[in-house]
Amino acid sequence: MTYSTTVFDGRTPDLTELYRRMCVLRHLDLALDHLSHQGKIKGPMHLGFGQEAAGIGATAALRRGDITTATHRPHAQYVGLGLPLGPTIAEMMGRADGQCGGRGGHMLIADPDYGLLSPSGIVGHSLLLAVGHGYSQKLANAGDVTLCVTGDGSVNSGAFNESANMAALWQLPVVIFVENNQYALSVALERSVHETELYRRGWGYGIPGIRVNGNDVEAVRDCVAHAVRRARTGGGPTLVEAVTYRSADFSGADRGGYRDITEAERFTDPLSIARDRLIAAGASAERVDATDRDARQTVADAVAFAEASPWPDASELVEIAHKWDGTRI
Amino acid sequence: MRPMTYAQALNDALRQEMRRDEKVVVLGQDVAVYGGIFGATHGLLDEFGPGRVVDTPISENGMVGAAMGMAMSGLRPVVEIMYSDFLTLAMDSLANGAAVFPFVSRGRIKIPLVVRTQGGPGGSAGPQHSKSIEQWVAHLPGIHTVMPSNPADAKGLLTAAIRSDDPVVMFEHKALYTTEDLVPEGEHLTPLGTAAVIHEGTDVTIIAISGMVRHALDAAARLSALGVSTEVVDVRSLRPLDTQTLVASARKTGRVVVAHETWLRYGPTAEIAAVIMEEAFEDLHAPVARVGALAVPYPASPSLELAVLGGADDIVWAASKLMTTRLVRPQSNEMRGIR
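Line order of the protein sequences matches chains A and B. At position 183 of the first sequence (counting the first as 1) the number is 182 in numbering that gives the first Met the number 0, and the numbers step up by one without a gap. At position 77 of the second sequence (counting the first as 1) the number is 76 in numbering that gives the first Met the number 0, and the numbers step up by one without a gap.
You may find that some hints are simply not true.
Sample of chain A residues with no beta-carbon within 12 Å of chain B, all distances over it, derived [stated by the list, open to error]: (1) 32; (2) 34; (3) 158; (4) 210; (5) 267; (6) 283; (7) 316.
Mimicking DSBU-like on lysine-lysine, the simulated pairs with C-alpha atoms at most 35 Å apart in a straight line are [stated by the list, open to error]: (8) 41/A x 109/B; (9) 322/A x 173/B; (10) 322/A x 39/A; (11) 39/A x 22/B; (12) 322/A x 251/B; (13) 173/B x 39/A.
Where chain A lies over chain B, by a calculated footprint (3+ residues, C-beta under 8 Å) [stated by the list, open to error]: (14) 67 to 78; (15) 102 to 110; (16) 208 to 221.
Since the hints were derived computationally from the structure, they do not count as laboratory data. None of the values given here were measured: they were computed from a predicted structure. For glycine and all other residues, C-beta sits at the position ideal for the given N, C-alpha and C.
Can you build the whole structure from these sequences, using the hints too?
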């Protein structure tokens, strides 16, 4: 299977480009938060504030033909893989121009053109699917890899154990990327696990495990790139733990009350880190600000596209239902 | 046509499809070196190698979930789940994955996945190795649920399942693997979503599923000796349900017994009875009768298991009652006030 997309241009994105993608993601989530509060997006909404570097850094090392699996918090993959934002927001609003015509919503945007076969809102699915994708890639022997994005909450699921074992057993070209954002909804990591250094779990399966600062987008890019190279050349799976912090609520339904607000101070905002580094490397503040402004405009244009999109036609669903009920039509 | 057991027919289908399409892979517990606990995958490892015939760890959700991922990325996996009781562990992958992703993606993501498993009582295997949980899967739009009752359909349905771009779960029956019958050689497909009238009659219809089909044929022979002309319909596909064939037979005879091995409540017999009530009510001479199992877990003791199961006796008894109903109330118009 091959994918056509503009984001994989064969070059590894530099910090300027990574910063741009993080700005787009930040503005996308700001816009989605607003749309949710306006009631224009119904249902759960899992935003990625604070985790931009982990998500954007992870997809930076991929090329055309690679596959990415994702979770209920998948916006970083949407932006990182370069999905068009207008349809992406339309999908979250349940409109006809969404990639899935409104059937999937914000957690389930499948777009095979970008190697995104299906994120899933079920914790653990991204691991199970990655084993299957990796197996297909191993048999095809074209050097393609699967980036399996998952979270700290998933490591306690049975799916993690089953998938990590199979990925190691069959030496699959899979990078298990654990975004450790410290919380599974309201439960802090240290209240879910005794061993909080999650990368160490890899070794139990015979999978090299490595921990990276998840708020440093270049560090994430380089760490994942190394794991991707291993996978491409037959070296098997790697477990990368990116340590970050979910500054966002779990979802729009989060009642709060479970976090000490000072704990966020341990983490520097990933966009600030990237911005400071760009300026230290000689970029002008005006240029960096312009990147941010352009990102805001890009998102605003996409929101306008989505708001203009009509509601989907339900008649297709009736036909599908007839097929599965066995009613002749 | 050639005589084959049900297990050999499955093996024949797998071998032919693996020869035909290199994307077909087989995985499951004990399927490779050992050849499957019922022998359905015997010899495949030697012919197709370890890349395409894969022994898996005991990871039911992992196996079905991974196979779903394979199917989404170009392969056509056939997973064997040793007992359908264990399929409960993989319901997440089926209900939240295979049934969902093709729909959500508007068909851009296809999941040509086949899950083969076996269920059914009759082997004193006890309550964790005898269940029929096909209704769990058949409840899900987006997945085909098929149940072959004979070797020819085992080959035909498995072949059709492998070639389908939709996910298919095939429930085989543990008591049928060693049964032998004539099977078409070469390519043989039984279309998914079709029932079959396997014995024609005019007085009463027995609609039977999987292991109950042999009891239905037995009952038909005994009813024939009593002067009752009995039609037997093999459901074969629980979803999509071939409502046309079922309803046509119900309209023809006006009396219907629906027989399945498992519990009645919320199961296929209830569903089929409802369809017949909805579509053939005007032609019924009596309410639809049902035969199934007592609502208890299947006990291990052979004598208790027999007591729990429905069989040919129950079908004959149910059909006889329907015939009696006709004698008491010969005018079908009068029947319409019942229930």
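Minimum Cβ-Cβ distance from residue 283/A to chain B exceeds 12 Å | Its Cβ never comes within 12 Å of chain B, the nearest being 43 Å, so this holds.
Grab the minimum beta-carbon distance between residue 316/A and chain B and tell me whether it stays above 12 Å.
-> violated, 9 Å
Compute the least Cβ-Cβ separation between residue 32/A and chain B, then decide whether it is above 12 Å.
-> holds, 24 Å
Distance restraint between residue 322/A and residue 251/B, which requires alpha-carbon spacing of 35 Å or less = Distance ~25 Å between residue 322/A and residue 251/B Cα, so the pair holds.
Decide if the proposed pair is consistent with the structure: residue 173/B and residue 39/A, CA atoms, cutoff 35 Å inclusive.
-> Not satisfied, since the Cα-Cα distance of roughly 53 Å exceeds 35 Å.
Given coverage of the stretch 208 to 221 of chain B by chain A, tested with a Cβ cutoff of 8 Å and a minimum of 3 residues = Since three or more residues must qualify, the claim that chain A covers the stretch 208 to 221 of chain B is violated, with 0 doing so at under 8 Å.
Does the claim that residue 158/A lies outside the interface with chain B hold up, using a Cβ gap greater than 12 Å?
-> violated, 6 Å
Far enough from chain B: is every CB of that chain over 12 Å from the CB of residue 34/A?
-> Nearest chain B Cβ is 21 Å from residue 34/A, so the label holds.
Restraint check for residue 41/A with residue 109/B, where alpha carbons must lie at most 35 Å apart | holds, 28 Å
Compare the distance between the alpha carbons of residue 322/A and residue 39/A with 35 Å, and conclude whether the hinted pair is satisfied.
-> Distance of about 32 Å is within 35 Å: holds.
Is it true that the CA of residue 322/A sits at most 35 Å from the CA of residue 173/B?
-> holds, 30 Å
If you draw a straight line from the CA of residue 39/A to the CA of residue 22/B, is it 35 Å or shorter?
-> Given that 35 Å is the threshold and the Cα spacing comes to 44 Å, the pair is violated.
The structure is inconsistent with the numbered hints 3, 7, 11, 13, 16, although it conforms to all the rest.
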